[in-house]
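**Student:** For the sequence shown, the positions run 1 to 111 when the numbering used here is used.
Take the hints with a grain of salt, since some may be wrong.
The calculated SDA-like cross-link candidates involving lysine to any residue, where the alpha carbons are at most 25 Å apart (straight line), are [as the list claims (entries may be wrong)]:
#1 Lys70 with Arg37
#2 Lys59 with Tyr69
#3 Lys59 with Asp36
#4 Lys59 with Leu17
#5 Lys65 with His77
#6 Lys59 with Gln45
#7 Lys59 with Cys34
#8 Lys70 with Leu23
#9 Lys70 with Arg35
#10 Lys65 with Glu55
#11 Lys70 with Asp36
#12 Lys70 with Cys34
#13 Lys59 with Gln25
#14 Lys59 with Arg27
#15 Lys70 with Ala90
#16 Lys65 with Leu79
#17 Lys32 with Ala66
#18 Lys70 with Arg16
#19 Lys32 with Gln45
#20 Lys65 with Leu49
#21 Lys32 with Gln73
#22 Lys65 with Leu52
#23 Lys65 with Cys34
#24 Lys59 with Ser71
#25 Lys65 with Asp36
#26 Lys65 with Val15
Source of the hints: derived by calculation from the structure; they are not laboratory data.
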Amino acid sequence: MSASTVSVSAQVGEVRLRLTELLPQLRLRALKLCRDRDLADDLLQETALRALSFEASYKNDTNLKAWLYKSVQRVRHALSPPRRAGRFMAEHAADPNLWCGSREPTARTKA
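Required output: the full structure, derived from the provided sequences and hints.
**Tutor:** Okay, here's the thing in structure tokens:
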């Protein structure tokens, strides 16, 4: 077995072992981000899946907790709907002219 193979397997083992130790802390972080237990559990599950999927990309002698915290933030960002679109829909959903394209021309045209 080559040195790189041993190094990769050591990284994989470290991520798997430490992930179970860090799950309670990651769950608290997810709860702070989501403010909903069910969403936090979904976020934690997706983060754990991604951490295990990309464990070969983890670099030894780096902070695994920080790597996982960043992963929680990225997963939350990927799973959450864009805020701007939701606000736009809430403000303009009652305007029937917006959706059918028959909006009257505005009075901004110069004569």
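**Student:** State for each hint whether it applies.
**Tutor:** Going through the hints against the structure:
1. Lys70 with Arg37: holds, 19 Å
2. Lys59 with Tyr69: Roughly 15 Å between the alpha carbons, so the hint for lysine 59 and tyrosine 69 holds.
3. Lys59 with Asp36: violated, 32 Å
4. Lys59 with Leu17: It holds: about 15 Å lies between the C-alpha atoms, which stays within 25 Å.
5. Lys65 with His77: Judged against 25 Å, a Cα distance of about 18 Å means the pair holds.
6. Lys59 with Gln45: Between lysine 59 and glutamine 45 the Cα gap is close to 22 Å, so the pair holds against 25 Å.
7. Lys59 with Cys34: This hinted pair is violated, its Cα atoms lying about 28 Å apart.
8. Lys70 with Leu23: Within the cut-off at roughly 14 Å; holds.
9. Lys70 with Arg35: Holds, because 18 Å separates the two Cα atoms, which is no more than 25 Å.
10. Lys65 with Glu55: Holds: lysine 65 and glutamate 55 sit about 13 Å apart, inside 25 Å.
11. Lys70 with Asp36: Cα-Cα ~19 Å, so holds.
12. Lys70 with Cys34: holds, 15 Å
13. Lys59 with Gln25: holds, 21 Å
14. Lys59 with Arg27: holds, 23 Å
15. Lys70 with Ala90: Distance ~31 Å between lysine 70 and alanine 90 Cα, so the pair is violated.
16. Lys65 with Leu79: holds, 21 Å
17. Lys32 with Ala66: Measuring from Cα to Cα gives roughly 16 Å; hence the hint holds.
18. Lys70 with Arg16: OK: lysine 70 and arginine 16 at ~17 Å, within 25 Å.
19. Lys32 with Gln45: Holds, at roughly 16 Å.
20. Lys65 with Leu49: holds, 15 Å
21. Lys32 with Gln73: Since the Cα atoms of lysine 32 and glutamine 73 sit roughly 11 Å apart, the hinted pair holds (cutoff 25 Å).
22. Lys65 with Leu52: holds, 14 Å
23. Lys65 with Cys34: This hinted pair holds, its Cα atoms lying about 19 Å apart.
24. Lys59 with Ser71: Between lysine 59 and serine 71 the Cα gap is close to 14 Å, so the pair holds against 25 Å.
25. Lys65 with Asp36: holds, 22 Å
26. Lys65 with Val15: holds, 10 Å
Hint compliance for this structure: hints 3, 7, 15 are not met, and every other hint is.
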